[in-house]
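Going down the list, the sequences are from chains V and Y.
Here numbering that gives the first Met the number 0 is used: the first residue of the first sequence is 0, the next is one more, and so on.
Here numbering that gives the first Met the number 0 is used: the first residue of the second sequence is 0, the next is one more, and so on.
Some hints could be false.
To be verified - Incomplete in silico selection of chain Y near chain V, CB under 7 Å: (1) Val4; (2) Asn5; (3) Phe38; (4) Pro60.
Claimed, not checked - Taking lysine to any residue pairs in the SDA-like style, the calculated list, with each CA pair at most 20 Å apart, reads: (5) V:Lys142 with V:Ser98; (6) V:Lys72 with Y:Asp51; (7) V:Lys72 with Y:Pro40; (8) V:Lys72 with Y:Ala45; (9) V:Lys72 with Y:Thr15.
Hints in this document: simulated from the structure, not taken from any laboratory.
All C-beta atoms, glycine included, are put in the ideal place defined by N, C-alpha and C.
Here's the letter readout for the chains.
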Amino acid sequence: MLFYGTELSSRLMLGTAQYPSPAIMEDAFRRSGASVATVSLRREGGRGQGFWDIISGLGVHVLPNTAGCHSAKEAVTTARMAREMFETNWIKLEVIGHSDTLQPDPFGLLDAAETLSAERFEVFPYTTEDQVLAQRLLDAGCKVLMPWGAPIGSGLGLNNRHGLRMLRAAFPDVPMVIDAGIGMPSHAAEAMEMGFDAVLLNTAVAQAGDPAAMAQAFGQAIEAGRMARGADPMAPRDMAVPSTPVIGKAWL
Amino acid sequence: MRIEVNGEPRDVASATLAAAIKELGWAEARIVTAVNGDFVPLSARATQPLQDGDRIEVLTPMQGG
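The task is simple: from the sequences and hints, build the whole structure.
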């Protein structure tokens, strides 16, 4: 599975915000094996250079975001600035529609995705599980989709399993990343078992009591879930079926 | 002239964005710029004129999710 032509060594994409310290963040990346780091652009206050040096030293792919943008225009301008700063065509496109749920504004998202794709950006759109919107984003030129699991930072996991399953089945060949709402490694494993290609998370690791250990747990869960998906899981059934052979049982 | 830099009013003597960036002490900084909501690439800063009341954003890499 390629993400805009790039094979990733790990299917964990990890955020860089909210860690107790830069050293703990570095440790989290190292122990999880995450292959992608999300970053943002904010007003220069004198701390940007040091942060950038740390990120560069991680040796991972950088995925800039447009976090906090509430209009297509803001997101497009931020993406253009990010491309110059980070020297990548990748952009995690967020156009936020509601400040409580941080849910994507589907109309602004599509508008921005069309503009950016035409400018040869490689757009990772933060979207809902809506299939119609997914098709429109693909038509706009997106070659990756990032449906949410649950609202950003909520830790609720996969809120709409049915919708996510339907989305996965509708576009089996499109690389899809579950982005946002993941709280526990089991959520990430489940996403991978459902056939999603990667998981992007931040808060669940950064806000854990031991972020580096939690990061490692996520890395292992994602690997386990991915392997399980590839191993063709059994179908669930309602009735019990004995696993020990009945033939040859003693007559007692 | 008075412009707004990252939301704060600043008085600068420079007539271009490139000169203002230098005047504000960011000549060596790892930054990207926008004027009045539009991206101004590094290559265009020297020819980007500034006018009284312009809003400049000077951004740098930061933590993100």
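Of the numbered hints stated earlier in the document, which are not met by this structure? Numbers 1, 5, 6, 8 and 9 - these are the hints that the structure violates, sorted from lowest upward.
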